[in-house]
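Given only the sequences and the hints, what does the whole structure look like? Please build it.
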Amino acid sequence: MRSVLADDGDDAEPAGLADLTAFQRDILRTLDREDHRKGTAIRAGLEAYYGVDVNHGRLYPSLDQLVEKGLIEKSKRNRRTNDYALTDAARDALAEYDAWIDGGAE
Numbered sequence: 001m002r003s004v005l006a007d008d009g010d011d012a013e014p015a016g017l018a019d020l021t022a023f024q025r026d027i028l029r030t031l032d033r034e035d036h037r038k039g040t041a042i043r044a045g046l047e048a049y050y051g052v053d054v055n056h057g058r059l060y061p062s063l064d065q066l067v068e069k070g071l072i073e074k075s076k077r078n079r080r081t082n083d084y085a086l087t088d089a090a091r092d093a094l095a096e097y098d099a100w101i102d103g104g105a106e
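Residue numbers (UniProt numbering): 1 to 106.
None of these hints come from the bench; they were simulated from the model. Glycine included, each C-beta is placed from N, C-alpha and C at the ideal position. There's no promise every hint is true.
Simulated restraints on C-beta separations [unchecked claim]: (1) THR21 / ALA95: 33 to 43 Å; (2) ASP19 / ALA41: 23 to 33 Å; (3) TRP100 / ARG33: 12 to 22 Å; (4) ARG77 / ASP102: 31 to 41 Å.
Right, dumping it as structure tokens:
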């Protein structure tokens, strides 16, 4: 079985999707549909899917955790806004997850 690892030096931690909450996986899916989004656009996508408001205090800590796991990259768009994008590790993990859901991986 292959495990996707975060590339953060000698202490790489597993970054597979099984370790994530459903909310964090939904964040990755939102970015998978349209990469390089600001936090408010990610929140709007999640709110459209869930049909309820997504709390700032839930979204941004989850984004930071995904950055720490090496699944998304965070960059400055301007002084007040960050931009978020999937890493190659996240794309690989999503592809593996899709294969597992479709019954193609064991």
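Hints violated by the structure (listed by number, smallest first): 1
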